[in-house]
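Required output: the full structure, derived from the provided sequences and hints.
Number of protein chains: 2
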Amino acid sequence: MTDSITRLSTSQSDFDSALASLLAWDDSVDHQVNESVRHILHEVKTRGDAAVLEFTGKFDRLSVASMAELELSEVRLQEALARIPEDQRVALEQAAARVRDYHERQNQASWRYEDEDGTVLGQKVTPLDRAGLYVPGGKAAYPSSVLMNAIPAKVAGVAEVVMVVPTPDGVVNDMVLAAAAIAGVDRVFTIGGAQAVAALAYGTETVPAVDKIVGPGNIYVATAKREVFGVVGIDMIAGPSEILVICDGNTNPDWIAMDLFSQAEHDEQAQSILVSPDGAFLDAVEASIAKLLPTMEREEIIRASLAGRGALIQVADLKEAAQVSNRIAPEHLELSVEDPEAMLGDIRHAGAIFMGRYTAEALGDYCAGPNHVLPTSGTARFSSPLGVYDFQKRSSLIGFSASGADRMGRVASVLARGEGLTAHARSAEYRINE
Amino acid sequence: MTDSITRLSTSQSDFDSALASLLAWDDSVDHQVNESVRHILHEVKTRGDAAVLEFTGKFDRLSVASMAELELSEVRLQEALARIPEDQRVALEQAAARVRDYHERQNQASWRYEDEDGTVLGQKVTPLDRAGLYVPGGKAAYPSSVLMNAIPAKVAGVAEVVMVVPTPDGVVNDMVLAAAAIAGVDRVFTIGGAQAVAALAYGTETVPAVDKIVGPGNIYVATAKREVFGVVGIDMIAGPSEILVICDGNTNPDWIAMDLFSQAEHDEQAQSILVSPDGAFLDAVEASIAKLLPTMEREEIIRASLAGRGALIQVADLKEAAQVSNRIAPEHLELSVEDPEAMLGDIRHAGAIFMGRYTAEALGDYCAGPNHVLPTSGTARFSSPLGVYDFQKRSSLIGFSASGADRMGRVASVLARGEGLTAHARSAEYRINE
Numbered sequence: 091m092t093d094s095i096t097r098l099s100t101s102q103s104d105f106d107s108a109l110a111s112l113l114a115w116d117d118s119v120d121h122q123v124n125e126s127v128r129h130i131l132h133e134v135k136t137r138g139d140a141a142v143l144e145f146t147g148k149f150d151r152l153s154v155a156s157m158a159e160l161e162l163s164e165v166r167l168q169e170a171l172a173r174i175p176e177d178q179r180v181a182l183e184q185a186a187a188r189v190r191d192y193h194e195r196q197n198q199a200s201w202r203y204e205d206e207d208g209t210v211l212g213q214k215v216t217p218l219d220r221a222g223l224y225v226p227g228g229k230a231a232y233p234s235s236v237l238m239n240a241i242p243a244k245v246a247g248v249a250e251v252v253m254v255v256p257t258p259d260g261v262v263n264d265m266v267l268a269a270a271a272i273a274g275v276d277r278v279f280t281i282g283g284a285q286a287v288a289a290l291a292y293g294t295e296t297v298p299a300v301d302k303i304v305g306p307g308n309i310y311v312a313t314a315k316r317e318v319f320g321v322v323g324i325d326m327i328a329g330p331s332e333i334l335v336i337c338d339g340n341t342n343p344d345w346i347a348m349d350l351f352s353q354a355e356h357d358e359q360a361q362s363i364l365v366s367p368d369g370a371f372l373d374a375v376e377a378s379i380a381k382l383l384p385t386m387e388r389e390e391i392i393r394a395s396l397a398g399r400g401a402l403i404q405v406a407d408l409k410e411a412a413q414v415s416n417r418i419a420p421e422h423l424e425l426s427v428e429d430p431e432a433m434l435g436d437i438r439h440a441g442a443i444f445m446g447r448y449t450a451e452a453l454g455d456y457c458a459g460p461n462h463v464l465p466t467s468g469t470a471r472f473s474s475p476l477g478v479y480d481f482q483k484r485s486s487l488i489g490f491s492a493s494g495a496d497r498m499g500r501v502a503s504v505l506a507r508g509e510g511l512t513a514h515a516r517s518a519e520y521r522i523n524e
Numbered sequence: 091m092t093d094s095i096t097r098l099s100t101s102q103s104d105f106d107s108a109l110a111s112l113l114a115w116d117d118s119v120d121h122q123v124n125e126s127v128r129h130i131l132h133e134v135k136t137r138g139d140a141a142v143l144e145f146t147g148k149f150d151r152l153s154v155a156s157m158a159e160l161e162l163s164e165v166r167l168q169e170a171l172a173r174i175p176e177d178q179r180v181a182l183e184q185a186a187a188r189v190r191d192y193h194e195r196q197n198q199a200s201w202r203y204e205d206e207d208g209t210v211l212g213q214k215v216t217p218l219d220r221a222g223l224y225v226p227g228g229k230a231a232y233p234s235s236v237l238m239n240a241i242p243a244k245v246a247g248v249a250e251v252v253m254v255v256p257t258p259d260g261v262v263n264d265m266v267l268a269a270a271a272i273a274g275v276d277r278v279f280t281i282g283g284a285q286a287v288a289a290l291a292y293g294t295e296t297v298p299a300v301d302k303i304v305g306p307g308n309i310y311v312a313t314a315k316r317e318v319f320g321v322v323g324i325d326m327i328a329g330p331s332e333i334l335v336i337c338d339g340n341t342n343p344d345w346i347a348m349d350l351f352s353q354a355e356h357d358e359q360a361q362s363i364l365v366s367p368d369g370a371f372l373d374a375v376e377a378s379i380a381k382l383l384p385t386m387e388r389e390e391i392i393r394a395s396l397a398g399r400g401a402l403i404q405v406a407d408l409k410e411a412a413q414v415s416n417r418i419a420p421e422h423l424e425l426s427v428e429d430p431e432a433m434l435g436d437i438r439h440a441g442a443i444f445m446g447r448y449t450a451e452a453l454g455d456y457c458a459g460p461n462h463v464l465p466t467s468g469t470a471r472f473s474s475p476l477g478v479y480d481f482q483k484r485s486s487l488i489g490f491s492a493s494g495a496d497r498m499g500r501v502a503s504v505l506a507r508g509e510g511l512t513a514h515a516r517s518a519e520y521r522i523n524e
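First to last, the sequence lines map onto chains A and B.
Its first residue numbered 91, the first sequence is counted upward by one per residue in the working numbering.
Its first residue numbered 91, the second sequence is counted upward by one per residue in the working numbering.
Treat the hints with caution; some may be incorrect.
[What the hints assert, rightly or not] Simulated DEER-style distance windows between Cβ atoms:
id, chain 1, residue 1, chain 2, residue 2, range
1, B, Glu161, A, Trp115, 28 to 34 angstroms
2, B, Glu204, A, Val123, 44 to 50 angstroms
3, B, Ala380, A, Asn308, 55 to 61 angstroms
[What the hints assert, rightly or not] Covered stretches of chain A, as calculated for chain B (at least 3 residues, CB under 8 angstroms):
id, region
4, 134-143
5, 206-218
6, 238-250
7, 287-293
8, 401-414
9, 457-471
10, 510-516
[Stated by the list, open to error] Under the rule of at most 25 angstroms between Cα atoms (straight-line distance), these lysine to any residue pairs were calculated in the SDA-like manner:
id, chain 1, residue 1, chain 2, residue 2
11, B, Lys214, A, Gly329
12, A, Lys135, B, Ala328
13, B, Lys214, A, Leu434
14, B, Lys244, B, Pro217
15, B, Lys244, A, Gln198
No lab work stands behind these hints: they were computed from the structure.
In this text, a Cβ means the ideal position worked out from N, Cα and C, and glycines have one as well.
Structure representation (structure tokens):
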């Protein structure tokens, strides 16, 4: 047995408060980070390329004469694609094809209708002109994230996808560049941190200003994205990754232990929770955890994550398991049960739902098709996976016929005068037939 | 002629910079406001109803013994509906019916598909459980905003819509309450400011915590919404309202002047811009402005808005007018031209597009059907009108068959090992057939 994964039961009197403290996550911003980020944003906004070059020299220890040296050509991306091992290239291409296929179904069409007096109403859908994709460099450089962020943008019809990826000390990750080639990224700059976010938001002499910035990053990147929100759109600010597994007790406990590990290995703040009505099964998974942990490459991270934020929770039945899940609104929800379809109606909030014993969450991270950028920290209560809809926007269409303007102008006039907005009223009244 | 509305022409050499300074809008946050809002949020979060009562006493000069006295019953809303003038009640009901009809077409359906090996992929759409609606009190109490914010939530299927509206000195606006009754708002509290936002975000003993807060408010409300973002969802942070009118020169100049006024009367920061290839028409509209201004109830606000932020811009042709419009990405765009459909393809960014001479923007504010909550300050480049989609969220569905898990597990394994995430790899590999 591992000494230290929290055990809870919904039957205990303090369950609600125990669960609340397990889920508590301090995302308060660091004053020092804030000040530093504001300084970087201001410098890049006012001094452009020169400031980006300075910060890149300072933080990534890259000394170059001009921004042009920090842009990677299409040829360079294709070289990376040719250089990576065959099995990785094929796997990236297979994953990209499935991700593209799924996301094409999210494409929204414009629509319109005409009412009885000839007035036209509708909604016009257009892609963003340009999107920026932040890709972390160094250890946590994930080619899968390039696919998951760039493909929805291209499916949406975004004309230009601009990727930034820091290359500290000049270390370039070929698999990341290969993924960019496969996903159809249009331009790549080897810059990172708040300076890259600033360059994408404000534009510089070399880096084009984008309309929205997506992709994960460290605290400096997240803080910079929060600051530039409004100038550009941003995707969500992600918290630590989480998984909630609901199991009826009949899945191999080793499988479940490994599913919990697959979340825990991300970092020490990641959260892995198992919920089951079967107490003996929770014991069995705890034993599997103890048995498998020493065999893991990222053992220390997993151990710290499980000890600090993991839990095994016993519930009365699967109905109650769904209630606990709705309370948590998990990023990833595995329904490792005999009949996942039967549970689906009870699940109100989750980023992605993995149905049945064969659906390891890891499949969704790479190649199932749906996006792996998902709402964390309970935000699945009100937000959605990254999707094609994040790279499209809508414009309302209104075209009144003369008789429609006459009829509805009378309504608008009454309401505008009721609100004391008489220019509104008179503007509508001009279109009323005398 | 009015002495002071800016005239620009795309033919002038400094047009780009002149346009940029016209559009510049300082939305930097006030440090004092920030501190005050953080204090209020903290107090309400930790002390609940007691803090809300204190702040309401202080800011709205309402002294009551308990939060219960600050809740308005359904009976009270129905009384308001019965009390307002007949023409206002009918107009509200007609507007609500059209808004409901339009928004029902935005409803998104869940979907799923099965691939060749029996793997199921899809997207499940669910409404938010509970939405909060902020309605300003006092002078700027707009019943139309109640309809525009509450109806999409109810159409989306939100079970409980909680409205807050401050009633300084106990002054209640019956038309606002009548609109709440018509829109189907579930609960109404007469609280406002940052304390109302905090109550909705964190919940108190009496006010239920919501999942998303929408609706306009003053700087304290906007700052509080920005602060609680992440705990709950929020709609956009609105800047000043804007209209861009493109006219071919053949609309009655009085109509166009009044359309510009209808935006300018909102407040002195509102922005009204007319673009036309016809210089003589710009002169005629300027004359109409001078003639009509003295007849307006809100003359001083309109005059200040037009002088400070308005402009008449001459362009070479309608093609160039569309380019100027795309550069601005206006909240409201009026195409007051002979063939608006012909221009539509050139328009890439706008919150709402009003097509043809009869389609006064004011009609869209009240009763056309589409929402009047629209992206401001150029954010139409990446965001959309408030809609049913803002009150729904998506969960990805993934259900692998045994053979699908075998096939795609191999792909996931290669990619996970390429990223150094071996627990991910082993979790997928457990589902591969030996």
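Hint-by-hint comparison with the structure:
1. B:Glu161 - A:Trp115: 28 to 34 angstroms: Given about 32 angstroms between the Cβ atoms, the range holds.
2. B:Glu204 - A:Val123: 44 to 50 angstroms: Hint holds: Cβ distance 47 angstroms, inside 44 to 50 angstroms.
3. B:Ala380 - A:Asn308: 55 to 61 angstroms: 57 angstroms, holds
4. 134-143: violated (count 0)
5. 206-218: holds (count 7)
6. 238-250: violated (count 0)
7. 287-293: violated (count 0)
8. 401-414: Since three or more residues must qualify, the claim that chain B covers the region 401-414 of chain A is violated, with 0 doing so at under 8 angstroms.
9. 457-471: holds (count 11)
10. 510-516: As far as the region 510-516 of chain A goes, the hint holds, because 7 residues have Cβ atoms under 8 angstroms from chain B.
11. B:Lys214 - A:Gly329: Satisfied, since the Cα-Cα distance of roughly 23 angstroms is no more than 25 angstroms.
12. A:Lys135 - B:Ala328: 23 angstroms, holds
13. B:Lys214 - A:Leu434: 9 angstroms, holds
14. B:Lys244 - B:Pro217: 9 angstroms, holds
15. B:Lys244 - A:Gln198: 22 angstroms, holds
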